[in-house]
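Chains as they are written, first to last, in this note's numbering: chain A, 1 to 331; chain B, 1 to 331; chain C, 1 to 331; chain D, 1 to 331; chain E, 1 to 331.
In short, the hints are calculated from the structure, not lab data. Remember, predicted model here, so these are calculated numbers, not experimental data. Positions of the beta carbon are idealized from the N, C-alpha and C atoms, including for glycine. There could be a bad hint or two in this list.
Stated by the list, open to error - Within a straight-line C-alpha distance of at most 25 Å, the following computed DSS-like cross-link-like pairs (lysine-lysine) qualify: (1) K170(B) <-> K317(A); (2) K217(E) <-> K4(D); (3) K4(B) <-> K182(C); (4) K4(A) <-> K217(B); (5) K4(D) <-> K4(C); (6) K217(B) <-> K169(B); (7) K182(A) <-> K169(A); (8) K182(A) <-> K317(E); (9) K317(A) <-> K169(B); (10) K317(B) <-> K182(C).
Claimed, not checked - Here chain A is said to cover these stretches of chain B; the calculated rule only asks that three of the stretch's residues, wherever they fall, bring their Cβ under 8 Å from a Cβ of chain A: (11) 49–59; (12) 171–177; (13) 193–207; (14) 266–276.
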Amino acid sequence: AGRKYTFLEFIIWTRRDIYNLLILSIIPTVLYHVAGFTFLALTWVPIALLGTAVAFIVGFKNNASYNRLWEARQIYGGIINNSRAFGVMVRDFLPAGQAEEVRPLFYRHFAWLTALRFQLREPRTWENVDQANNREYQRVYIIPERESTLAQELLPYLSEEEYNYVLTKKNRATQLMALQSKHINALGSVLNDFQLMQLQTAITQFYDLQGRVERIKNFPYPRNFSSVATILLYLFVVLVPFGLLKEFNAMGQGTFLEGYTVWFNVPFATLLNWVFLSLDRVGESSANPFEGGANDVPITNISRTIEIDMRDMLDEKDLPPPIVAIHNILM
Amino acid sequence: AGRKYTFLEFIIWTRRDIYNLLILSIIPTVLYHVAGFTFLALTWVPIALLGTAVAFIVGFKNNASYNRLWEARQIYGGIINNSRAFGVMVRDFLPAGQAEEVRPLFYRHFAWLTALRFQLREPRTWENVDQANNREYQRVYIIPERESTLAQELLPYLSEEEYNYVLTKKNRATQLMALQSKHINALGSVLNDFQLMQLQTAITQFYDLQGRVERIKNFPYPRNFSSVATILLYLFVVLVPFGLLKEFNAMGQGTFLEGYTVWFNVPFATLLNWVFLSLDRVGESSANPFEGGANDVPITNISRTIEIDMRDMLDEKDLPPPIVAIHNILM
Amino acid sequence: AGRKYTFLEFIIWTRRDIYNLLILSIIPTVLYHVAGFTFLALTWVPIALLGTAVAFIVGFKNNASYNRLWEARQIYGGIINNSRAFGVMVRDFLPAGQAEEVRPLFYRHFAWLTALRFQLREPRTWENVDQANNREYQRVYIIPERESTLAQELLPYLSEEEYNYVLTKKNRATQLMALQSKHINALGSVLNDFQLMQLQTAITQFYDLQGRVERIKNFPYPRNFSSVATILLYLFVVLVPFGLLKEFNAMGQGTFLEGYTVWFNVPFATLLNWVFLSLDRVGESSANPFEGGANDVPITNISRTIEIDMRDMLDEKDLPPPIVAIHNILM
Amino acid sequence: AGRKYTFLEFIIWTRRDIYNLLILSIIPTVLYHVAGFTFLALTWVPIALLGTAVAFIVGFKNNASYNRLWEARQIYGGIINNSRAFGVMVRDFLPAGQAEEVRPLFYRHFAWLTALRFQLREPRTWENVDQANNREYQRVYIIPERESTLAQELLPYLSEEEYNYVLTKKNRATQLMALQSKHINALGSVLNDFQLMQLQTAITQFYDLQGRVERIKNFPYPRNFSSVATILLYLFVVLVPFGLLKEFNAMGQGTFLEGYTVWFNVPFATLLNWVFLSLDRVGESSANPFEGGANDVPITNISRTIEIDMRDMLDEKDLPPPIVAIHNILM
Amino acid sequence: AGRKYTFLEFIIWTRRDIYNLLILSIIPTVLYHVAGFTFLALTWVPIALLGTAVAFIVGFKNNASYNRLWEARQIYGGIINNSRAFGVMVRDFLPAGQAEEVRPLFYRHFAWLTALRFQLREPRTWENVDQANNREYQRVYIIPERESTLAQELLPYLSEEEYNYVLTKKNRATQLMALQSKHINALGSVLNDFQLMQLQTAITQFYDLQGRVERIKNFPYPRNFSSVATILLYLFVVLVPFGLLKEFNAMGQGTFLEGYTVWFNVPFATLLNWVFLSLDRVGESSANPFEGGANDVPITNISRTIEIDMRDMLDEKDLPPPIVAIHNILM
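Excised from the complex, chain A in its bound form (with noise of 0.2 Å):
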């Protein structure tokens, strides 16, 4: 949500990054101008051909993390558009007489739903969530799967019997919706084979849905993959600074500021950097669409998105309110 970041927030953002490109700039062209140690203007040709692959390889990895984020979203968008079609299939397939049986159900599937975004937001050791420059900006907003607890969420969704059984097994959203599996098919007296199949399809449907966000949050952008980029990125920040000290020297001559331009190295050579490792970073950091940073799929807001929707089907009256945005980020 919200409409950009600012310039400035970027630049908050990438504060450390900057400090340490500036002092890397900084280096060589002391060494240059002031040690007189020239022979370090290195010749521009390789450096620029490693521009090209590292332009390639952090676009590749851009790429990969855009459409990780992306299909994290169509299958979480696909959660809601199968809760509401299974909301209307409980709520209608079942006669008059039976309407005791769709609260359960519908309970039970808004417990799933909490049960697969606690999952969803445990820690992995390859995310970025917990770094420096993320970890400062998590003070503007929270993530109310680390407020809270799964048993305490759970709460509120199952019979007591139910919510003691779950929490003994391994993966609660999997025995979740093998419960719902469980009562569909001891309905099995009041609801037609039909019915009882095509509520079964939409099991079958969850699961799906639930092994696919369970991939993206288990199979993170290949190491070997992401490791290059980072690799040949910082090879790259390291010897621009070289590389551009002799065009900057150059670039004075004739003017009365001969001899000093080579200091335009620093900010030139520091922007420069300072590009290539932002994109860098912008793709780091949706690579892994789960992990509770500030570009997330909005998990906690879809999964009440759904809890209104389908209770609203029951025409409850005390719906519970959406999660919005807090300071533009939406959980």
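Dock chains B, C, D and E against chain A, hints included.
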């Protein structure tokens, strides 16, 4: 609709950008030539590399925008196809004696289409339709969903009872489709189980299609990707007029314009910047395909087409006219 | 069909472009060499960057065009596959005593194919088939849908009553398929529910396939993307002959052609521009794969193939001949 | 199969190109150095831009070729999967007393696989397999569909009556599958409606898979895209040896080879051209994945694998041997 | 698993390449500087163009590799999802009195998973896992499918009769799934037709998933694409150290290192070559995602996860432990 925007239309649409770019390129040229600050002539090398990065990221964004637009159109195409298939099923499944049930199902479907298009045309903070250049363009066409209200448009399609019920709901499209489900399941005595299942499947698919357009509406091109593109583009645009100074100054050597060709910097730096900026504008203007802009997916037209086709199936005589393009813009 | 266009065919097809490009490159060369306006020699740096941007956007457009063409062919492939499957189901589901119901269903299907291809070959404002270079090319082949009328072609396939009914309808293909649905549901006494459901599903799929080709027909490559590509390309084309002046002038230094090599600018600027323009033309000429152009999806041929295959299933003896390529162009 | 082509195999495969390229680069070098036509040294700037365009379009074509090949393999993979699923259904659905119906259905399926692979290996005008360099390569392997005839191969799989019937048909694969449909529907008394429906669905899917490989066979990479790529590539190849003359001439300055280094133009222009030409050849050689070339989808092998797996399901004892690679080429 | 490879790990992994590259760049430098063969300094222009072509083709290959890896993971994700759905169906469809039928179906499913992963980990000629640099890496982790045998692993899952039967079969996974089909169809008296159909559909899907991973296993990145990439890359790598000689020699002009900076050629040509070679290595090492390499899809782990989840559905108590990463490598 319409063949292409003319060069002039494009110039007019982006004229505010052009003014700014002209100023941006006049400043360094004046400082260089009039004030003699020749040291301002930046070396082109880092700018060229920056330009490559900008081209990459703008291209990436345009690609994503195009895919969003195209997916949006695909989904609405899916709504057409499924509506026709739903139409013939409802018409041909119901036995001759139950023909009076057909019309309410058809008209409630039109109500769903209407609720959906009103929801999709609601404004979002990240949409561009109210920017100066777009707002001015809106004088030449009308956005039907802003000229009327949902309550007004739903009236002809629903019974009074349902009309009042639906307007109390959070997500009207969702609950209208839920009413379809209820109605179909209530027809259990005149339809066989196979027919019920097929109609229920149709409802599941409409929920799927609805959810997918809602996803495109509610999940914009990610803010971090979008912001980094804008920031890099603006950095590039600011640097270009400095970077071309020396080139254009050198251009006139040996001709009678020697010393004055630096002024070519003004039109050409502006031109180059305008090209990159326009590419970005084009992508930006298609990223949100339901905002009411001139390049939107024509959802009003499509909804009307469906209504015509379905009423034609019932051999109704007073078919509404199709929605046509106004000044080549189809809503 | 056919292997490749020869170089000569290409030259002839684009000869109008070549005339214009020649004039465009002669003008600055004459001004430079004859009139001595050497200051016209533009610096190449911004043009090179512009060229990169143009290459990107033309590539993007060609990619989109190719995808539209390929998707169109995929959909028509889907029509083939589903028609065959529909054919065997109709033939084998109906009990021996009801064989006289098979033929009307088969022939109404051919009517649907016919109505669909006539609808797809109707002109649209954004299509290119009536541009000078394409129109001239049409002398070597015929577009069957322009040589005949839908009314004429439908005659052999429909009963008189249905024939008259269908011609009063807005979207004939849609209503023909609706007649199939009505017929199938009327066979409820000789088909079991499973068979009815499978045939109804086939109709749903034909609606899906029809809607998808209609989408490609009615939703062109977006006007804003298309326009920006054309504008940038033309800007580039205008600048190239100015940008190469200095290079070609310098080429002859120290040879006996010194001072005259600037005239190489005429063939080479034309060549370079022609390359970019031809790339764009190729994309443009495949963006609308149902316009009746030489590179269209061969929908007349495919419709005939389906008719042959389906009538062959009934062991009919007087199968129509396949549509063959005329001058290597398959319609 | 097989790891990689060696450098030598590649050189041999493209040796005709290499001869031509050598001649092409010797001509301008001789004219430049021996005849002293130094004005032939073209400026590199437009050639570099042309090279970028060529790289783009060759890349685009290779990408499309690769996708065609990969899709072809995916479809044949789908045939494997559906054949196995069809096999177990036929075997396990038929009651013990009807086991004699299983074998004809299995063997007719093998007949369908055989008819399909013969149809796919028929020549098309746009295929490359009979070009000189490919034809020569065919000496090291055999294309089974050219060593035998369909009539011969079908014999073991069909009853005499069906055998004669099928050979009179236009599209044998289509009509073989139609026979499967007829047979299955004739089993209505021993199979229940669910089983009939599932087997009919399998037939629909086989039609879908057949149609998709036929699409790849019959709809080549579009002629206009293919032609523009070839033309641009050849233009580039002709210009390169002229464009490198000056560079190589300058290379020797100050060394004892001064004045002779222009001869480096011959190997290096040839090398550069060969690289681009080979990239194009690779794409070209995968664009038609059923032409009988060394990089084809191994459809003979796959068809045999299916036969083995299905006969193994019946616990047959005399399973045929798998098709193995000959000189690392798997057909 | 694990965050990233460190720079050092990468260096060690590629150290053989680095040795070769060092030698490759030392040779021309020594010849140039020591032997005075200055004519060896190749002009950079054709190398730069070659570099672009190499970057393109290596990028293309990495993209294809990444897609293969990702698709492989998606398919195995699909196996997870369908296994869970299959599990609840088997458990909940069978009436209470038939619970003893559940366990064999579950355990035969684990047998299928086991047979599949053993088949996928069999070596292929085009795989890289036994190259020197990868083999050495295998000391830090174990490939479970190489430490045990299929026969051993299948023992706990199958009855003795089935165990012996399956081991006689060609494709064990296929025939295990065929046994599932036979078992399910034999349950016809306790399951209704809808339930049978749904379970049969699950088997069809498992065949589909199995066939898709087998496709990735058996159809490598095409040999011609792969070979041309390797050849171009090696040509480029050989030329680079010659092409940079002049640049680095010129670098020291006017500094006290004049005449010696040509030695910078050794580290920088090596660095540049290493970058391109490493990019290629990364792609190569993910192209075959079931070869037993460090970046494989973790199929042992996934199979175990499925076993845990499914046994947890039966409330079994002695669940096996999950497979965990060894030195951050998950098998």
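Now the hints, each set against the structure:
1. Taking the CA atoms of K170(B) and K317(A), the gap is near 12 Å; set against the 25 Å cutoff, the hint holds.
2. In summary, the hint linking K217(E) to K4(D) is supported, as the alpha carbons are separated by about 16 Å, within the 25 Å threshold.
3. Note on K4(B) and K182(C): the hinted pairing is violated, with a Cα-Cα distance of about 43 Å set against a maximum of 25 Å.
4. Taking the CA atoms of K4(A) and K217(B), the gap is near 16 Å; set against the 25 Å cutoff, the hint holds.
5. As the CA atoms of K4(D) and K4(C) are separated by approximately 30 Å, the hinted pair breaks the 25 Å bound.
6. Straight-line distance between C-alpha atoms of K217(B) and K169(B) comes to about 20 Å, which keeps the hinted pair within the 25 Å bound.
7. Restraint check for K182(A) and K169(A): satisfied, since their Cα atoms lie roughly 16 Å apart, inside the 25 Å limit.
8. Proposed proximity of K182(A) and K317(E) is supported: the alpha carbons are some 20 Å apart, at most 25 Å.
9. Proximity of K317(A) to K169(B) is assessed by CA-CA distance (about 11 Å); at most 25 Å being required, the pair is judged to hold.
10. Using a Cα cut-off of 25 Å, the hinted pair K317(B) and K182(C) holds, with the two alpha carbons roughly 20 Å apart.
11. Counting residues of the segment 49–59 of chain B whose CB lies closer than 8 Å to any CB of chain A gives 6, which reaches the minimum of 3, so the coverage claim holds.
12. Taking a C-beta to C-beta cut-off of 8 Å, the segment 171–177 of chain B contributes 4 residues in contact with chain A, enough for the three needed, and the coverage statement holds.
13. Check on the segment 193–207 of chain B: 9 of its residues sit with their Cβ under 8 Å from a Cβ of chain A, so the three-residue criterion for coverage holds.
14. A stretch counts as covered by a chain when three or more of its residues have a beta carbon under 8 Å from one of that chain; for the segment 266–276 of chain B and chain A the count is 0, and the coverage is violated.
Hints 3, 5, 14 from the list above are not met by this structure, while the remaining hints are.
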